[in-house]
Amino acid sequence: MAMAEEMGAEEFSAVVQRHRAQIFRFLLASTRDADLAETLTQDCFLKAHRNWASFRGESSAMTWLMRIAINLQKDHWRNRRMQFWRKTRANAVDLSEASEWLPSGERSAEQQLMAQERVRQVGKAVSGLSERQRTVFLLRYVEEAELSEIARATGLSEGTVKAHLSRAVAKVRAELGGKP
Amino acid sequence: MNIKKKSGCEPANGAKPCEERTQMDFESMDPELNEALGEFRSSLHAWSEAAYSRPRTVAVGVRRQVWRRAAGWALCSVLIIGGASTGVWKHHQRELQMRIAASHAAEQQRLSAQAHEQEAKQEKEDVLAKEDLLANVNKDVSRQVPAAMEPLAQLMSGDESW
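From first to last, the protein sequence lines are chains V and W. For what it's worth, my numbering labels the leading residue of the first sequence as 25, then goes sequentially. For what it's worth, my numbering labels the leading residue of the second sequence as 425, then goes sequentially.
Since the hints were made in silico from the structure, they are not lab data. All figures in this text were calculated on a predicted structure; none of them were measured in a lab. Using N, Cα and C, we set each Cβ at its ideal position, and we do this for glycine too. Take these hints with a grain of salt, some might be off.
[Unchecked claim] Quick partial rundown of chain V residues pointing at chain W, CB under 7 Å, derived from the structure: (1) 32; (2) 52; (3) 58; (4) 69; (5) 70; (6) 122; (7) 123; (8) 126.
Please build the complete structure, drawing on both the sequences and the hints.
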């Protein structure tokens, strides 16, 4: 019994090491607040640890963790609207500021500036998306998750996920100056 | 390019089912959009990595909070102990003053009783001295009277008590 528990703890520890950065990234992109993302990531793994015994492996651990993170984030927005919105707004940065982090790679200075401008536009468009559209968009284009994984993580049908993605991409394209 | 303006999932006449249609939409994005999304992804990954590995300010905050709390407790303790000891000291002072006043009063009472006693004694002595004096005077008074006063003296000899 004790051995099984020890194995479970080791397994969970490995899961944390493997997925922590990814969960943090998703929460950072969703909340745009590094401190809040850190707190929610910790909450996510705490919740996962409490329910680790009930995880039956029907989906991947990542999908399961992502589902917990999405729920925590939803709860946060709900609470934020009620009580803490002022405080969290003060810490949040605009998603378009992510352009400052764009790696220069092998681009020329001019190309880099143009790329940064494109990232700013995408960030602006993503900031304007609805909560659900943004979640689906970030999972697909930042975390590169499969549609079926997104559907499992969000609890939506694949058709609904695609519909949200379609609208989100149309808005991003419109922001970039293309046809919606 | 097959992006639908209307993204509802009702299949149109003769069209492919919704899921297939949107799947195709996402597979066939224009290169410019693809590039922009790739850059956006790279930016977010870099931002996240930087934020993830930044030095945590939370610990400093917590440490500061602990210090602040400890200082608060120390200050509270000093105030409580100071207040309590001031109270005890004041009470002690009041008791001491009361005791001194009581002893003063007792001393005063004792002195006044002593003075009264002294006075009474003095009075008694005075009375006795007066009586002695009068007795002496009485004793020393001449019993001899001139011849002319003899009849009167004889009258008085029977009454010596005046």
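So, going through the hints one by one against the coordinates:
Hint status for residue 32 (chain V): violated, given a least beta-carbon distance of 26 Å to chain W, over 7 Å. Because the closest C-beta pair between residue 52 (chain V) and chain W is about 5 Å apart, less than 7 Å, the hint holds. Interface hint at residue 58 (chain V): satisfied, since its Cβ lies 4 Å from the closest Cβ of chain W, which is below the 7 Å cut-off. The restraint placing residue 69 (chain V) at the interface with chain W is violated, with a minimum CB-CB distance near 14 Å, outside the 7 Å limit.
For residue 70 (chain V), the interface hint is violated, the least distance from its beta-carbon to any beta-carbon of chain W being 15 Å, above 7 Å. Nearest Cβ of chain W to the Cβ of residue 122 (chain V): about 4 Å, under the 7 Å cut. The hint holds. About 6 Å separates the beta-carbon of residue 123 (chain V) from the nearest beta-carbon of chain W, less than 7 Å, and the hint is met. Taking 7 Å as the C-beta cut-off, the interface hint given for residue 126 (chain V) holds, the closest approach to chain W being about 4 Å.
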